Amino acid sequence: MGKFGVFVDRQTLSSSNQLQSLIRFRDIAESMGHEFYFLFPNEIHKIKTLDGLFIRSKTDPMNISYVASRIAELNGVKVIDDSKSIQICADKINMYLHMIKNNVTLPKTKFLRKSENKPENLKGIVEEIGLPLILKEPSTSFSMRVEKVNTLEEFSKVASRFLRLSDVLVAQEFVETRFDWRVGILNGEVIYACKYLIPKETFKIHDCVDGHRVYCTVESVMFDEVPNEVITTALKAANAVGTGLYGVDLKENAGNVYVIEVNDNPSLETTEDEFYPEAYSKIVSYIMNDSRQKFSDGKMKFSEVIDPDGVANDRN
Amino acid sequence: MSHTTIKDGIDCVISKDYFYKTESYYKLISKEISGKNKVFPSSNDVLDAYIVPVALTRAELAGIPILQWEISSGDVPNPSIVYSVNYFSDPSTYYIVKNREESRKISKHVTNCGKYPLCYQKVPENFEIANFSIFFGEVCTENENIKQIANKIYQTFKIPLINALFVIIDDKIFLSSISPVNVSKLSKEEKSMIEKTLLVD
Chain A
1 MGKFGVFVDR QTLSSSNQLQ SLIRFRDIAE SMGHEFYFLF PNEIHKIKTL
51 DGLFIRSKTD PMNISYVASR IAELNGVKVI DDSKSIQICA DKINMYLHMI
101 KNNVTLPKTK FLRKSENKPE NLKGIVEEIG LPLILKEPST SFSMRVEKVN
151 TLEEFSKVAS RFLRLSDVLV AQEFVETRFD WRVGILNGEV IYACKYLIPK
201 ETFKIHDCVD GHRVYCTVES VMFDEVPNEV ITTALKAANA VGTGLYGVDL
251 KENAGNVYVI EVNDNPSLET TEDEFYPEAY SKIVSYIMND SRQKFSDGKM
301 KFSEVIDPDG VANDRN
Chain B
1 MSHTTIKDGI DCVISKDYFY KTESYYKLIS KEISGKNKVF PSSNDVLDAY
51 IVPVALTRAE LAGIPILQWE ISSGDVPNPS IVYSVNYFSD PSTYYIVKNR
101 EESRKISKHV TNCGKYPLCY QKVPENFEIA NFSIFFGEVC TENENIKQIA
151 NKIYQTFKIP LINALFVIID DKIFLSSISP VNVSKLSKEE KSMIEKTLLV
201 D
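Those sequence lines, one after another, are chains A and B. UniProt numbering puts the first residue of the first sequence at 1, with every later residue one more than the last. UniProt numbering puts the first residue of the second sequence at 1, with every later residue one more than the last.
Now the stretches of chain B that chain A is said to cover, found in silico as 3 or more residues with beta-carbon under 8 Å:
no., segment
1, 18-24
2, 41-49
3, 52-60
4, 63-73
5, 76-89
To spell it out: a stretch of chain A is covered by chain B in this simulated footprint if at least three of its residues, at any positions, have a beta carbon under 8 Å from a beta carbon of chain B; those stretches are:
no., segment
6, 41-54
7, 63-73
8, 83-93
9, 96-104
FYI, nobody ran anything at the bench for these hints, they're computed from the structure. Nothing here was measured: the structure is a model prediction, and the numbers come from that model. Note that beta-carbon positions come from the ideal geometry of N, C-alpha and C, so glycine has one too.
Please work from the sequences and hints to get the whole structure.
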């Protein structure tokens, strides 16, 4: 039994789905015997009085969620997301470098530095990964600052715009699929899986098309319906980042599975976990070190059905 | 722009600015991930140093006297020193608010009309501000107290070049923030100290 806190900000509370998800966390934590507290940014000093902290606000090394994570760590409070996971996942350059180091399969990926933003270099990247290609500003989230470019001219224009925000960008091969797999992983164990069905008007899961927001449809998927290679690749990618909670996005195309990104602070408010009723309690248990609840259901012990040789465990 | 020197198997990346998403920052990341040599400073240390509430928490745990800080969504007591905490934060930029009108105007600006929180440090009426650039723990001053604190800051964050903002209250010195070095604001003495200190290839 202990004090379990959830760090939120005003953006976290902006939708009824998010609010319902937070209330569910509260009810589950309390049913497990923990005291539950919502913490807002101006209550950040109270973090040191907690036994565990779960961050439910947009993470980035430059914003208040990173401060909350570091304050927790510096005071010995177990936290998801830990600062290292935020540092890696919120920054696409850092994340893809970790994936490359750990031999995780990615679409063809190149980095473009500000000092290399010259026509001959852009042409070289296009020759290597083809057109259209996807250009990403490193601190993209919710598909913002991710653009598909169809020509060299568009590439140059978008790159110049993004290079005002970062000294390095990601250029990536475009892999066309109808949906992305999202695999939720906690401490090296799969805790849910779902599909994000990409809106037909766009190539990404959230977008603004003709002034209107379009969102993906979320379909929870039973574990035995997820291809084994999707699971093993997702675990390999998550393990390359750390032992926290991650939502790994993958694409399947022509028999290959590619990791698109590893997200810290993955969304849990849009039926991602519909077929995985224990996902929330597993998160609370992990943070609160509650061994009674930890991975008690045999059916959910995914690591046991996966060939361990296929899973990287070399954490950086 | 940064320089790298390798000493005893440690890559020392020397830059005036290791800010998040700069080429110097990515140089640290890339070296850390490649794992060939140990890297100095670490990307974790530079992130911590440039985020005011994190820097002050770490400094306080290391025994460095700091100005107490609070996070607010907009309300700031007077007088206070105010920093932003968001994607566009730069700890070199701070605001001193002395009255209600300034407080309202500044908090609206740094919170982007309430979208982001801010960090404030309440100060008494009789405070002074002093800025020092610290090079490998060395600082251009005769003040022994500041010399000691500067060395402790270096020992804590291990960043070769850094700027520290101190607040002096009744002859007592408190750390307010750590930020990248602004070369154009360096004194002749500081420039000369860098030349003596740097181990450039």
